[in-house]
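K.L.:
Given chain A, put chain F in place with the hints provided.
Residue strings, one per chain:
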Amino acid sequence: MKKIYGISLVLAVGLVACGKAPRHHAGAISAATTVSEDAKGTEAKDGMEPKASTMLTCSLTDGKAYKGFGNINLVAGRITEVPKEGDRFRVKPYAALSGEFTRVMGAVPPSLTANAATFAVAPERWYVEPQASAIVLFTNFRVSYEAALTLAGSDAKFAEAPSETNATANCTSFARQAWNRLPTTEEVAACKKVALVDTAAETDIKARWAYTLASVLTATGFVAY
Amino acid sequence: MSHKNIITRRDLLKLSAGTTGAIALGGMMPSIFTPEAMAQTSAQSAVLVCFLPGGCNALFGSADSFSGAGTFGVTAANMLNLGNGLVVDSSFNTLGAFAKANMASVGVAHGIAAHGSAKAAQFTLNNNNPVMTLAAAMGGSGSIKAANVGAEIAPGPQTAVNGTSLQQISDMKSTIDAMGGGAPDPTMPKRELAAKGISAAEIMSTSRLAGNPESLATVANGYKAAFDTLAKPAQPFNAQELMTAYGLTGTAVGDMKSKFAAAELMIRSGTNVVTAVAGGGLAWDTHGDTSGARARQKFVAEIMPGLKIFTDRMVTANSNVTVIIFGDFARSLPGSDHASVTVATVIGPNVKLGTTGKVDAAVGLPGGTPTVNGMWGLVATLAKAPTSAIQAFGGNPHTALSKV
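Here the protein sequences come in this chain order: A and F. So for the first sequence, the working numbering puts the first residue at 1; every next one is plus one. So for the second sequence, the working numbering puts the first residue at 1001; every next one is plus one.
Bound-form chain F, shown alone:
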């Protein structure tokens, strides 16, 4: 692409920015945007992908599979029967009524019991990262269509799909500043001029970017997304309301609670798909956890507090935000090692209560259970992505779990 083409495209973007409304969910959400900004918003679909690196025990999404033998410490006391065949771990009981009524377990028969391969398989479809594929297909006017909150990056290829790249969000304050929602600051550059300056920086980088297409890919993608973000009208933002809601004292994105808060921030700013990785390395590789106690303790301490706040605020009857939670694979018996299937949990207004992820006593799924494509096909369906995008994943085989 020549410089001239880049400038022409961006000049067009700049021209159109004045007529493009700030994007976020509609007026049904708590008022973190000022009324002026909210008046410009319209209903928007979004997906939060919460990934547990190392594995996610099926006791969370298919508790009754283990109750007979009492494996993984499942008893009648720690099961939660949500109806329509869905029995989950009681960790989920702290969620609001709407979330619990719109939850399902999704079976994924990927057949892989190795960490690296399972991660890659679940985040690689047709050589692309399904997160970016879905985010690109969902369209919308967000300047950052796919975002990863926190330092740990979701697995899969990082190559941009149709111009959509995965933008890392490590601090909410600087993100708000980039969106023009920060407090007045005389040392802050004007947005329009900063956009032009960054465009110039990209042109000055042409040669080096061309010579380092992989190692500097995040820079190339970042220039585009930065320009697009700055070309949008400023989005006034009440950061304090968000901090208070999530009980945060700082804006750095570190623990899972702050990742859920950052996910909300990005979705409200127009991001289609957000990924949040729950810890570094293989944080959820719970070998030897035969009682399931360690997995439960981690889930309750690390996932549930932020998930509850996020779903209470973002997953409502009037919104279209879907959350999916899964890991490399489920844990096998008897030693909580590596199973070769995944049981994902989905929560969202378009989710029909139920399960396709009920494992047997050996942590296997019934024959005919769809593989990875099916999970992404379901997510695309729940997000009301264009039909072409759903078909790109091979369609949605989990029709029993979708209201749409």
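Chain A extracted, bound-state conformation:
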């Protein structure tokens, strides 16, 4: 009885862990998946960028083969293993940005809709890998700035001019919300630099915070997943 219980537990842990891991990759999951101890549930551990070497990998060897015209195996070119190392993150498509801005800022900035063409939306029934560019990133910054101006005008956290104390607190909490993880010390320092140094000559307090928050929303923690 103990043995059966043990095997079931091992299988259950494996399946649950494997199901959580490939957030950036859809596909069938093999029961042969192995899970490293480091990787369990650490995909978005606060304060840590997930390490590629500890990411879970799932073998996709079990799939149904489909025949097409001419008896061609339609799944002949299917990728059967998820690359274990990096290059798993993708630029968020335009379709995802409305929801993401709503999640973080509470509303869709009007300039996001107005600049939809900038993000090169694929025609219906087509898929185009989203690409970033200078113009896309600038537009993302501009959209973020507009949204951040509104937020800074309504949230008491941003009523005071940036200081060491409130910049640390606001950068940390806002990045946590935008990126779904705690920022590192270096990332907070880069954010604080915008608030305390780069925008020091700006007299509008709301604008200082807006530039700061827009920089967080233009980092890969927000523009990629």
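Keep in mind that the hints were calculated from the coordinates and are not lab data. Quick caveat, the model's predicted, so the values are computed rather than measured. Cβ atoms here follow ideal geometry from the backbone N, Cα and C, with glycine treated the same way. Mixed in with the good hints there might be a few duds.
To be verified - Restraint ranges, calculated between C-beta atoms of paired labels, are given here: (1) A:185 x F:1187: 52 to 60 angstroms; (2) A:70 x F:1297: 27 to 35 angstroms; (3) F:1250 x A:124: 12 to 20 angstroms; (4) A:177 x F:1187: 18 to 26 angstroms; (5) A:74 x F:1127: 54 to 62 angstroms; (6) A:126 x F:1245: 24 to 32 angstroms.
To be verified - Derived lysine-lysine pairs resembling BS3-like cross-links, with alpha carbons at most 25 angstroms apart: (7) A:193 x F:1352; (8) A:157 x F:1190; (9) F:1100 x F:1352; (10) F:1352 x F:1308; (11) F:1384 x F:1100; (12) A:206 x F:1190; (13) A:193 x A:206; (14) F:1403 x F:1352; (15) F:1190 x F:1384.
P.N.:
Leaving out everything else, chain F in the frame of chain A:
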């Protein structure tokens, strides 16, 4: 590269921005920049690469090759003899006199009759994309040295060459906004502060960019180009003049006419090489088009309107803008399938009327016709790129087609 190095480089860029003039073609161009901006400009070379995915029938650049048998529907009525051995399809007749007097056909004996391989071969030299190689070598002060207009991306490696990456342009309004030429808008961030904010965003992205060097390559390249663009002085821009000239009602870059307009915008802003892909997938894979009617119809409807406006405005005696048009390969006979050669069309002030792309009745090129490198060597020559850049392509074997 450490953060410190990045900031130092960019701080230098920022410091130098105040003394670097806005870049664009000189005063000989229609006034889409205000006089203040134009006063800062100087003559500049640029290349527009117009790629027809799927193939480009040789009837356009070597019409007389088919007139004897009347294949691809070529007759005396639809040929245009431009002189010096160059006989093209009459579709080109709507171009201005200067363009028609400075046109040539270029033979490319790549020997490939498969789409993917032909695309890759024509856009891969020494493991790099020749578009970026050329754009990087041409120098200049443009913040975006290589641009792709529209959603369809030109083939070839997308890895940056010497810091030059291919920047996608999908909307002219947001591009003008990034250059500081848009209408005043209280919700628009100040350029200098936006540059610093984007620089900070890049630093916040260091770890993720390092872990995803390929899938997030466009982000890494985009940060650099965005900073460089914002660090430049604002370029006042009369967007309405451009829209009117090209007959556009919107600023989104979709059809070919808007791609030619966007190409003009980018060249005027200092871009060295622009790529424009004429449609998605294999839009020009004209199997079964034995009369050439479908290819002609597409060419006249999709390419010529924008090409005429672009060449009228940008390809002049006082400019140095070159256009090259080609596809995966020419179309074979009798079924308009895949030939294994390309016949490219070049138009520009440094182009000498003539042809090295006269195909035979079987859509083949004479022995000894150069391959892909030769085409890029010619383009680099026409663009007056540095000698080292021309040599990087193996030199220019098409000397008969170049005035320089």
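K.L.:
Looking at the structure, which of the earlier hints fail to hold?
P.N.:
1, 5, 7 and 15
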